[in-house]
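Enquirer: Fit chain D to the supplied structure of chain W, relying on the hints for placement.
Residue numbers (the working numbering), protein chains in the order written: chain W, 1 to 80; chain D, 1 to 596.
If you're looking for bench data, these hints aren't it; they were derived computationally from the structure.
These numbers come from a predicted model, not from an experiment.
A hint or two may mislead.
Here are the simulated PhoX-like cross-link-like pairs (lysine-lysine), alpha carbons at most 25 angstroms apart as the crow flies [said to hold, decoys possible]: (1) D:K584 with W:K66; (2) D:K484 with W:K80; (3) D:K424 with D:K470; (4) D:K551 with D:K330; (5) W:K54 with D:K18; (6) D:K519 with D:K470; (7) D:K424 with D:K504; (8) W:K77 with W:K58; (9) W:K80 with D:K200; (10) D:K424 with D:K449; (11) W:K54 with D:K239; (12) D:K470 with W:K58; (13) D:K211 with W:K54; (14) D:K551 with W:K58; (15) D:K551 with D:K470; (16) D:K16 with D:K2; (17) D:K504 with D:K532; (18) D:K16 with W:K54; (19) D:K239 with D:K34; (20) D:K211 with W:K58.
Footprint (simulated), chain W over chain D, 3 or more residues, beta carbon under 8 angstroms [to be verified]: (21) 206-217; (22) 497-505.
Chain D is nowhere near these chain W residues, computed Cβ spacing over 10 angstroms in every case [claimed, not checked]: (23) P27; (24) E28; (25) T44; (26) E51; (27) S63; (28) R78.
Glycine included, each C-beta is placed from N, C-alpha and C at the ideal position.
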Amino acid sequence: MTENEIIPRLTEVFRDVFDDDTIVITPETTADDIEDWDSIEHITLIAAAEEEFKMRFKMGEVSGMKNVGEMISVIAKRGK
Amino acid sequence: MKELEYPLDSGYIMKKRKALKRRLLSSGEERIHKRIAVLGGSTTADIVSVLEIFLLDSGIEPEFYQCGYAQYRNEALFPSKELEEFAPDIVYLHTSRRNLGFVPSPKMTEEQISGGLAEEVAGFERLWDSLAEKFRCPIIQNNFEQPYYRLLGNSDFSDHRGQVNFTMRMNLAFAERAQRREDLYINDINWLSAACGLEKWSAPEYWYMYKYSLNVSCIPELCLQLAAIIRSVFGRNKKAVALDLDNTLWGGIVGDDGAEDLVIGQESADAMAFYEWQSYLRSLKDIGVLLTVCSKNDEENALAGLNHPEGALRPEDFTVIKANWLPKDKNISDMAEEIGILPEAFVFADDNPAERELVRAQLAGVRVPELTEVTDYIRILDRSEYFEVTSLSEDDLNRSEMYKANAQRKILRAGFESYGDYLKSLEMRGEIRPFSPAYIRRIAQLTNKSNQFNLTSVRYTPAQIEEISKSDRYVHLYGRLSDKFGDNGVVSVIIGETDAEDPKMLDILLWLMSCRVLKRDMELAMLDGLVKAARERGFEKLTGIYIPTSKNKMVSELYPGTLGFSPVPSRIDGADMWELDIRKYENKNTVIEIAY
Numbered sequence: 001m002t003e004n005e006i007i008p009r010l011t012e013v014f015r016d017v018f019d020d021d022t023i024v025i026t027p028e029t030t031a032d033d034i035e036d037w038d039s040i041e042h043i044t045l046i047a048a049a050e051e052e053f054k055m056r057f058k059m060g061e062v063s064g065m066k067n068v069g070e071m072i073s074v075i076a077k078r079g080k
Numbered sequence: 001m002k003e004l005e006y007p008l009d010s011g012y013i014m015k016k017r018k019a020l021k022r023r024l025l026s027s028g029e030e031r032i033h034k035r036i037a038v039l040g041g042s043t044t045a046d047i048v049s050v051l052e053i054f055l056l057d058s059g060i061e062p063e064f065y066q067c068g069y070a071q072y073r074n075e076a077l078f079p080s081k082e083l084e085e086f087a088p089d090i091v092y093l094h095t096s097r098r099n100l101g102f103v104p105s106p107k108m109t110e111e112q113i114s115g116g117l118a119e120e121v122a123g124f125e126r127l128w129d130s131l132a133e134k135f136r137c138p139i140i141q142n143n144f145e146q147p148y149y150r151l152l153g154n155s156d157f158s159d160h161r162g163q164v165n166f167t168m169r170m171n172l173a174f175a176e177r178a179q180r181r182e183d184l185y186i187n188d189i190n191w192l193s194a195a196c197g198l199e200k201w202s203a204p205e206y207w208y209m210y211k212y213s214l215n216v217s218c219i220p221e222l223c224l225q226l227a228a229i230i231r232s233v234f235g236r237n238k239k240a241v242a243l244d245l246d247n248t249l250w251g252g253i254v255g256d257d258g259a260e261d262l263v264i265g266q267e268s269a270d271a272m273a274f275y276e277w278q279s280y281l282r283s284l285k286d287i288g289v290l291l292t293v294c295s296k297n298d299e300e301n302a303l304a305g306l307n308h309p310e311g312a313l314r315p316e317d318f319t320v321i322k323a324n325w326l327p328k329d330k331n332i333s334d335m336a337e338e339i340g341i342l343p344e345a346f347v348f349a350d351d352n353p354a355e356r357e358l359v360r361a362q363l364a365g366v367r368v369p370e371l372t373e374v375t376d377y378i379r380i381l382d383r384s385e386y387f388e389v390t391s392l393s394e395d396d397l398n399r400s401e402m403y404k405a406n407a408q409r410k411i412l413r414a415g416f417e418s419y420g421d422y423l424k425s426l427e428m429r430g431e432i433r434p435f436s437p438a439y440i441r442r443i444a445q446l447t448n449k450s451n452q453f454n455l456t457s458v459r460y461t462p463a464q465i466e467e468i469s470k471s472d473r474y475v476h477l478y479g480r481l482s483d484k485f486g487d488n489g490v491v492s493v494i495i496g497e498t499d500a501e502d503p504k505m506l507d508i509l510l511w512l513m514s515c516r517v518l519k520r521d522m523e524l525a526m527l528d529g530l531v532k533a534a535r536e537r538g539f540e541k542l543t544g545i546y547i548p549t550s551k552n553k554m555v556s557e558l559y560p561g562t563l564g565f566s567p568v569p570s571r572i573d574g575a576d577m578w579e580l581d582i583r584k585y586e587n588k589n590t591v592i593e594i595a596y
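The following block holds chain W by itself, in its conformation from the complex (with noise of 0.2 angstroms):
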């Protein structure tokens, strides 16, 4: 799968998330660019973009996730 494909399913995931419709994503997004991104939605960010994507994150791959771009990455190899 390709950035292209991924970015705007993964944007809609993270509108959901954070229930926030002006949300836009790129590869250098990070949890300091959106306010309310903390650990504890990062969970539920994570889950959401699992049942998307039909795939599961490692959990080397969770807690080393530096920015959406690292996201997309994984994604990019097993998402479907």
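Expert: Below, chain D alone, put in the same frame as chain W:
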């Protein structure tokens, strides 16, 4: 809200919970406010935010307190100042097998294991005792899920050194404590984790990564079950189910196919499915749920179907049968009126999606499960937990008979010259006495369930009722009523408290009556009883208040009307206040023979 009905789309709820909360809050529904302390042995943040939407959807507006991570034990034994000030209405102890301090190992003796088990149970009992003493509120306690691996294989079940065996023994010990303690309710995660799939429930990465004791995707299931307990404790359960007939209670259309060709019984797979479903409904009736029929049919055909020899239900199992061509929402409202409950106490079961949509749209508050395939009917209705039983009183077991007796009384009434003659013909006998231990649970249950004839709508826990019954600051009475058609059990409760300033004045804190005995002059008998008890204690005056809610309009004029109280300036915002001089009071009830 349809999104929160079983079967749950867990991913959707987890993801959309903020939007769902926003929608629930914008409905403007009137909700009761409850303070819930969540004391966890693992992370609880997402549990609280999902529980919140399930409670909002049940007419409860929660305010939460969460302890620091895994601080449940400290907080229960030595509550923080914040928790003390929070003064919870209910405490939820969210623990799991991750919190077991003792677990058996293969090298231990049977004595060591039994000793460890006793100590572990005693540790939890200390928490419950401490919470009970400090907060006098109901406690919800998780039991334990089974382990997802078995060191001893199948022997893990039968060998006392096995974890499966130990977990069962812990859970049985909790069950036994819950039977003994009035204030303890077990949240059965042992069953729920099995229903969700133990491997899924226990996926350990959620513990390793986030310190969650369960799979995050199981949180909606957990919260549905928790909300059911909380609803039940605070009297927000459903009371009745309105059932469609054709393709809901049996296969086929009785009006077209004829009763003899209906699919019900043991002859085919579908027939068996409908038979088991009818048997399940009959069992619901046995725990006090009222069954009614709401069907587009001629009554004659409906009865022919209900009399099908292979069916499990009979016409007499139903409190009311509405088989006609009126809109179903209208029939449900009419039945609510006839039985004396609120329309929102109904669950509507119908295989027809159009009828379900209609009732959902017309009657907010009526629950409408998605029943589409007969094989799923039992599971969906049961897992929705509309009728969660936290305490099963004698009255619950007899409720169906009592409401049916009500219908018989209505028929009798039609043949009398005056209403007074009718009341006398009922040969009513009452009992009005101070609270006694046998009735504590029922009295607390009534304070939580009665919404219509309830002047102040104050809710009490069994522990508070018990405390009141032991204190001499209060005058407290329960009223029972029976007549020639049957015993209605405890139907009315009054609590009065000595006024803080005037020792000759008794303030009526609570006065409620079950709607099944409306218009029987029981309220007059209760006032007679209250005056008698108050005079014996030297009181000269009664003060009553009326606090309006959306449901108790029927008693807005009780004090100044029939009871003859005079208005006085109110000391409480939004409440009307009246008083009655009782020095020359004469008894008002003439139709019920009362034993004091």
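Enquirer: Hints first: check each against the structure and report whether it holds.
Expert: Each hint tested on the structure:
Taken as a hint, the K584 (chain D) and K66 (chain W) pair is broken in the structure, with Cα atoms around 82 angstroms apart against an allowance of 25 angstroms. At most 25 angstroms may separate the alpha-carbon atoms for a hinted pair to count; K484 (chain D) and K80 (chain W) exceed this at roughly 70 angstroms. As the CA atoms of K424 (chain D) and K470 (chain D) are separated by approximately 36 angstroms, the hinted pair breaks the 25 angstroms bound. Proximity of K551 (chain D) to K330 (chain D) is assessed by CA-CA distance (about 19 angstroms); at most 25 angstroms being required, the pair is judged to hold.
At roughly 23 angstroms between alpha-carbon atoms, K54 (chain W) and K18 (chain D) fall within 25 angstroms of each other, so this suggested pair holds. Of the pairs offered as hints, the one joining K519 (chain D) and K470 (chain D) is violated, with about 32 angstroms between alpha carbons and a cut-off of 25 angstroms exceeded. Proximity of K424 (chain D) to K504 (chain D) is assessed by CA-CA distance (about 36 angstroms); at most 25 angstroms being required, the pair is judged violated. For the given pair, K77 (chain W) sits about 12 angstroms from K58 (chain W) by alpha-carbon distance, which is consistent with the 25 angstroms threshold.
Between the alpha carbons of K80 (chain W) and K200 (chain D) the distance comes to roughly 21 angstroms, so the proposed pair stays at or under 25 angstroms and holds. The hinted pair formed by K424 (chain D) and K449 (chain D) fails the criterion: a straight-line CA distance of about 29 angstroms is larger than 25 angstroms. For the hint linking K54 (chain W) to K239 (chain D), the alpha-carbon distance of about 41 angstroms lies beyond 25 angstroms, and the restraint is violated. Of the pairs offered as hints, the one joining K470 (chain D) and K58 (chain W) is violated, with about 59 angstroms between alpha carbons and a cut-off of 25 angstroms exceeded.
Of the supplied pair hints, the one linking K211 (chain D) and K54 (chain W) holds, its CA atoms being roughly 24 angstroms apart against a limit of 25 angstroms. The suggested pairing of K551 (chain D) with K58 (chain W) is violated, with an alpha-carbon distance near 53 angstroms, which exceeds 25 angstroms. Distance restraint check for K551 (chain D) and K470 (chain D): the Cα-Cα separation of roughly 31 angstroms exceeds the 25 angstroms cut-off, and the hinted pair is therefore not satisfied. Restraint check: the Cα-Cα separation between K16 (chain D) and K2 (chain D) comes to about 14 angstroms, which is no more than 25 angstroms; the hinted pair holds.
With a C-alpha separation of about 14 angstroms, the suggested pairing of K504 (chain D) with K532 (chain D) holds against the 25 angstroms cut-off. For a cut-off of 25 angstroms, the pair hint linking K16 (chain D) to K54 (chain W) stands: about 18 angstroms separates their Cα positions. Under the criterion of a C-alpha separation no larger than 25 angstroms, the hint pairing K239 (chain D) with K34 (chain D) is consistent with the structure, at around 22 angstroms. Distance hint between K211 (chain D) and K58 (chain W) is fulfilled; the C-alpha atoms sit about 16 angstroms from each other, no more than 25 angstroms.
Counting residues of the region 206-217 of chain D whose CB lies closer than 8 angstroms to any CB of chain W gives 6, so the stated coverage by that chain holds, three being the minimum. Given as covered by chain W, the region 497-505 of chain D fails the check, having 0 residues with a CB less than 8 angstroms from a CB of that chain where 3 are the minimum. With a closest Cβ-Cβ approach of about 22 angstroms to chain D, P27 (chain W) is found to remain outside the 10 angstroms limit, as its non-interface label requires. Against chain D, the non-interface label of E28 (chain W) holds: every CB pair exceeds 10 angstroms, the least being about 24 angstroms.
With a closest Cβ-Cβ approach of about 6 angstroms to chain D, T44 (chain W) is found to fall inside the 10 angstroms limit, against its non-interface label. For E51 (chain W), the shortest C-beta to C-beta distance to chain D comes to about 4 angstroms, within the 10 angstroms cut-off, and the non-interface label is violated. Interface exclusion of S63 (chain W) from chain D breaks down, the closest Cβ pair being 7 angstroms apart, not more than 10 angstroms. For R78 (chain W), the requirement that its beta carbon stay farther than 10 angstroms from each beta carbon of chain D is met, with the minimum near 16 angstroms.
The structure does not agree with the numbered hints 1, 2, 3, 6, 7, 10, 11, 12, 14, 15, 22, 25, 26 and 27 stated previously, though it agrees with the rest.
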